[in-house]
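Chains A and B are the protein sequences, given in the same order.
Using this note's numbering, read the first sequence as starting at 18 and increasing by one per residue.
Using this note's numbering, read the second sequence as starting at 391 and increasing by one per residue.
Honestly, I wouldn't trust all of these hints.
[As the list claims (entries may be wrong)] Not the full set, but computed from the structure, chain B residues with beta-carbon under 8 Å of chain A:
#	residue
1	477
2	478
3	503
4	533
5	541
6	549
7	553
8	560
9	561
10	562
11	565
12	578
Since the hints were made in silico from the structure, they are not lab data.
Positions of the beta carbon are idealized from the N, C-alpha and C atoms, including for glycine.
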Amino acid sequence: MTIMTDPQQESFRPSMLLNDTRYRSYTFQFIALMVLIGIIAYLGYNLVLNLRAAGLNISYEFLGEPAGYDINQTLVEYTSRSSHLTAAIVGILNTLLVAFLACATATIFGVIAGVLRLSNNWLIRKLMSGYVEAFRNVPVLIWIIIIFTIMTAVLPAPSAFRGDDPDASMILGSVAFTNRGVYVPMPIWGEGSMVVVVTFILSVIGVFAYRRYAKKLLYATGRLLPTGWPSLAILFVPSILMFFVMGQPISLDFPELGGFNFRGGLQIGAPLIALWFALSIYTGAFIAENVRAGILAVSKGQTEAAASLGLRPRRIMNLVILPQALRVIIPPLISQYLNITKNSSLAIAVGYADITATLGGITLNQTGRAIECVLLLMLFYLLISLGISAVMNVYNNAVRLKER
Amino acid sequence: MKKSVFLGALTVAGLTAGAAAAATLDDVKARGTLNCGVTTGLVGFAAPDNNGNWDGFDVGVCRAVAAAVLGDPQAVEFVPTTGKTRFTALASGEIDMLARNTTWTFSRDVDLKFEFVGVNYYDGQGFMVPKELGVSSAKDLDGATVCIQTGTTTELNLADYFRKNSMNYEPVPIETNAEAQQQYLAGACDVYTTDASGLAATRAAFENPSEHVLLPEIVSKEPLGPLVRHGDNEWGDVVRWTLNALIAAEELGVTSANIADMASAAGDSPEINRLLGTEGNLGEMLGLEADWAVKAISAGGNYGELFEKNIGETTPIGLARGLNAQWTDGGLLYSPPFR
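Hey, can you work out the whole structure from these sequences and the hints?
Right under this line is the structure:
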């Protein structure tokens with residue numbers, strides 16, 4: 018007589034940790050974790066021991082002391098008497114500024130180059146692959162230095178604008194390209210200027226509202242409203258009217274040659290331009306490849322189906338292909354944005370005062386607090402990178418394929 | 391084994407490096423070479439010549455120490471450092487001593503835990519401008535764009551000077567002297583500021599040195615000297631007294647030409663005898679051979695000879711002795727007695 022019984026529930030034996038596939042992976046993960054903790058503990062202990070041996074301690078008191086050095090581009094109030102903390106904040110803002118600018122332009126470069134790489138025109142296609150290969154395969158530091166060197170060597174020095182018969186002159190009398198940067202007129206916000214600004218913001222909202230209405234009308238009744246010139250009109254006419262109604266509160270401060278440099282106006286420093294341009298053109302090449310991959314990932318049938326419905330190629334790209342391609346493009350785009358932010362730490366090569374140059378450079382050097390400064394730097398880059406990832410993930414969730 | 395602080399940081403970064411033990415003198419002897427930190431290239435002070443041999447005033451100090459300790463002035467491994475990397479290199483034990491026109495300041499000595507063993511050049515911060523700017527005084531520099539080497543006392547002095555005189559400027563921080571030179575010549579900055587000696591050396595390397603002028607203002611005290619890590623007094627003594635030996639040798643009239651003669655037998659002057667080891671046991675006290683100073687001075691000559699050969703008035707750099715003359719000639723050089 019055979020009796021079917023469940024196999025007896027085995028009691029746990031230590032050897033199962035290695036022999037049983039149910040536990041084996043946990044065993045190894047546990048060992049790896051312990052080794053990792055051990056290594057970190059050893060390094061940390063070593064650090065504490067060595068610090069004590071050298072009579073040093075970890076202290077962040079230096080952040081409150083006067084920095085003592087000047088910075089060439091400050092977005093907030095800063096003098097050499099400000100604290101090291103303020104210097105670090107100036108650096109953080111400079112990092113964020115160049116990262117934001119470079120992310121925006123890199124995306125534009127990348128999308129244009131990526132789409133054009135799939136162009137039917139042989140010349141455009143080859144030109145774009147030339148751009149991608151040239152910029153992707155040379156280190157970004159080299160590009161930063163090349164662009165900066167070209168700027169300083171090719172553009173005229175401010176002194177070339179001087180004299181009765183100067184070697185260089187300002188474009189339209191208001192914009193000066195020099196090897197120290199570009200000087201442009203700066204708007205002066207007079208009394209009542211806020212009204213104009215608010216009007217402009219409302220106009221922007223109005224444009225979106227109008228386009229939404231036009232779309233709704235199109236879907237509901239099939240009537241196609243023009244969107245081009247009405248949008249432009251909504252955008253500018255109220256603001257311009259308000260500008261004159263308020264008595265022209267916004268004026269321009271033009272740069273003028275005075276002393277050694279141009280004075281007045283807004284200076285966009287050569288280091289910022291070099292860093293911004295190099296980062297965006299370099300990362301743009303990577304983004305172009307992401308865009309191309311995303312477009313190629315959309316089945317050809319979609320294009321053909323759209324074409325058979327009578328859509329023109331441009332509309333096929335904008336309405337059918339790109340929205341679907343975005344799902345493939347966004348995740349690698351996040352890592353490109355992170356790359357831009359981290360690569361901006363190469364700023365010191367051209368003397369741009371980012372966080373690595375202020376906190377991780379001059380402050381570190383003048384105070385000798387290397388470990389403290391580097392820990393702060395790591396924390397900053399970690400936070401900013403996680404922040405970018407979080408924002409982009411929200412966007413990614415918004416555009417991803419919704420399965421119902 | 392005691393490892394230094396920065397090594398801890400480096401290990402955290404996943405690097406492994408030799409430990410910087412306290413007994414640097416033993417390490418140097420065991421290794422057979424001296425690791426000496428110098429600039430990345432400043433003609434006259436430390437720069438590789440056409441054959442790749444390092445040469446210059448600071449290099450001379452390194453060679454003298456190597457000669458005193460190892461008996462061979464060529465047994466030096468030169469480690470080029472920038473203004474930013476120099477202190478980390480010294481603290482981590484990558485180099486045994488730093489001879490890189492480094493200003494002796496309170497915080498570097500006390501807070502950064504280094505030991506300045508003396509002063510080999512009394513300097514001050516100056517300004518260089520192109521002649522065509524027509525500037526004759528640093529007080530006229532309001533609004534100028536100024537190139538500075540980052541990580542130096544220079545950028546602090548500069549900020550202080552301009553603030554004190556209520557002037558504005560735009561700083562352009564540069565990592566090395568070579569880059570600064572390039573920026574300055576391209577006109578990306580109006581003024582280049584660093585130690586006056588450094589300016590003279592930089593100008594000497596220009597295609598047309600006469601088109602640039604050094605402004606008369608010297609805005610700071612910059613006593614430049616070699617330094618070692620804090621806490622290794624034996625090694626500190628070796629470097630300190632090697633430097634003093636070079637200075638004392640000039641004062642006592644001992645030169646590389648007559649030193650072989652003078653060291654062969656005890657002479658009339660007891661101090662020269664003690665210095666050259668023909669009398670007393672000063673070398674033994676330092677843990678070196680009796681003729682340590684003879685070797686150090688023979689390496690490149692005494693202080694005056696090193697000065698004249700590398701940065702003196704007969705060289706393109708053309709620096710006058712000025713403050714760097716012996717105290718007997720109205721300068722500040724004053725070696726404690728060898729006794």
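The hints, checked one at a time:
Checking residue 477 of chain B against chain A: minimum C-beta separation of about 7 Å stays under 8 Å; hint holds. With its C-beta approaching chain A no nearer than about 6 Å, residue 478 of chain B sits inside the 8 Å limit, and its interface hint holds. Look at residue 503 of chain B: its Cβ gets to within about 6 Å of chain A, closer than 8 Å, so that hint holds up. Hint on residue 533 of chain B holds. Least Cβ distance to chain A is approximately 4 Å, under the 8 Å limit.
This hint holds: residue 541 of chain B has a C-beta 4 Å from the nearest C-beta of chain A, less than the 8 Å allowed. For residue 549 of chain B, the suggested interface contact is upheld, since its CB lies about 4 Å from the closest CB of chain A, less than 8 Å. Because the smallest distance between the Cβ of residue 553 of chain B and any Cβ of chain A comes to about 6 Å, under 8 Å, the interface hint for this residue holds. Because the closest C-beta pair between residue 560 of chain B and chain A is about 5 Å apart, less than 8 Å, the hint holds.
For residue 561 of chain B, the suggested interface contact is upheld, since its CB lies about 5 Å from the closest CB of chain A, less than 8 Å. Because the closest C-beta pair between residue 562 of chain B and chain A is about 5 Å apart, less than 8 Å, the hint holds. For residue 565 of chain B, the interface hint holds, since its Cβ comes within 8 Å of a Cβ in chain A; the closest pair sits about 7 Å apart. Taking 8 Å as the C-beta contact cut-off toward chain A, the hint placing residue 578 of chain B at the interface holds, the least distance being around 4 Å.
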